[in-house]
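Chains V and D supply the protein sequences, listed in that same order.
Note that the numbering used here has the first sequence beginning at 1, numbered continuously upward.
Note that the numbering used here has the second sequence beginning at 1, numbered continuously upward.
Simulated from the structure, these hints should not be mistaken for lab results.
In this text the structure is predicted, and so the values were computed from the model without any measurement.
A portion of the hints provided could be inaccurate.
[Unchecked claim] Subject to a maximum C-alpha distance of 20 Å in a straight line, what follows is the list of computed EDC-like cross-link-like pairs (lysine to aspartate or glutamate): (1) 210/V - 72/D; (2) 83/D - 222/V; (3) 82/D - 217/V; (4) 82/D - 72/D; (5) 85/D - 222/V; (6) 65/V - 217/V; (7) 83/D - 72/D; (8) 83/D - 217/V; (9) 210/V - 66/V; (10) 82/D - 211/V; (11) 65/V - 183/V; (12) 210/V - 106/V; (13) 210/V - 68/D; (14) 65/V - 213/V; (15) 210/V - 222/V.
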Amino acid sequence: MLSYLIVLGGALMVANLFLSLVWSPPDVNLTEGVRIFYFHAPVAWVSFLAFFIVFVASILYLTRKEQRWDLLANASAEIGVLFATLMLISGSLFARIAWNVWWTWDPRLTTALILWFIYVGYLMLRAYAPQGAQGARYAAVLGIIGFVDVPIVYFSVRLRTLHPRPIGTGGAEADTFNLASPEMVITLVLSVLTFTLLFAALLWLRYRMKEVEEATERIRRDYA
Amino acid sequence: MPRLTTRFLPLALALLAWSLPALALAQGEPPTGQVSPERALPFVFAVFAVTWAAFFGYALFMARRQRDLQREVQALRQMLEKKGKE
């Protein structure tokens, strides 16, 4: 299953590179700069998805006390932070082209940065907190509370902001650019699909690895 | 200290250090009209380079971790065999 996922993801990634770098036309205002969007929006979506999985898995861990949910939350948070970091970096580069600044204390950017700090904090908590059930409980609580910021990030574009609104929710005047052609929309959809598959493959691998880590740790504890 | 912390703390501090001068110098007027392709392309290249570097870096981290785990499983197997003989 995992090998199929990796092969499919690899093929989609090659297709995605071709579509986003060659096939998709340049934007009227941002010209070639719009190609950043085909990476920035999918990594942002995947980071939200990863944090949603942390949220759900944390609730399931607290209610059912099954360790697999804690391992899933831990693995998803780690990959979510990777994608959120890429979201911030690509967003900063995109902002430099679109707004001529690397960073501005815009509601969308600020709430996204807070989200990143929350989940870096989550990973640090996992590293510092006591091992075992107590540490897992602390992390689950942070995983649930931290997710509150995700809808705030999403809806922050409804406030006074420079950031373009999510596709289909804003008028043309509200956006820095619009996905004007079907080629752009197809490229974006494929890009989202590709990065979602990549996330699924990474999550699967990391989760299985955490299971083995946990099992070896348990055996070592029992037989030491 | 746990390995995760030693890995992420420098990353967080480096990002913060990177962002502070950028934040201080960040304010400017939005460009008016069309962005020239010559200006945009280095940024596109930077995004692609950073994205792929990050994915390869993470894949490398997982490969190393997997190798460590294989060693650990091997050590445990030997330990259990020794205990079994005793």
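Verification of the supplied hints:
{"no.": "1", "hint": "210/V - 72/D", "verdict": "holds (13 Å)"}
{"no.": "2", "hint": "83/D - 222/V", "verdict": "holds (12 Å)"}
{"no.": "3", "hint": "82/D - 217/V", "verdict": "holds (18 Å)"}
{"no.": "4", "hint": "82/D - 72/D", "verdict": "holds (15 Å)"}
{"no.": "5", "hint": "85/D - 222/V", "verdict": "holds (17 Å)"}
{"no.": "6", "hint": "65/V - 217/V", "verdict": "holds (19 Å)"}
{"no.": "7", "hint": "83/D - 72/D", "verdict": "holds (16 Å)"}
{"no.": "8", "hint": "83/D - 217/V", "verdict": "holds (17 Å)"}
{"no.": "9", "hint": "210/V - 66/V", "verdict": "holds (14 Å)"}
{"no.": "10", "hint": "82/D - 211/V", "verdict": "violated (25 Å)"}
{"no.": "11", "hint": "65/V - 183/V", "verdict": "violated (47 Å)"}
{"no.": "12", "hint": "210/V - 106/V", "verdict": "violated (37 Å)"}
{"no.": "13", "hint": "210/V - 68/D", "verdict": "holds (12 Å)"}
{"no.": "14", "hint": "65/V - 213/V", "verdict": "holds (19 Å)"}
{"no.": "15", "hint": "210/V - 222/V", "verdict": "holds (18 Å)"}
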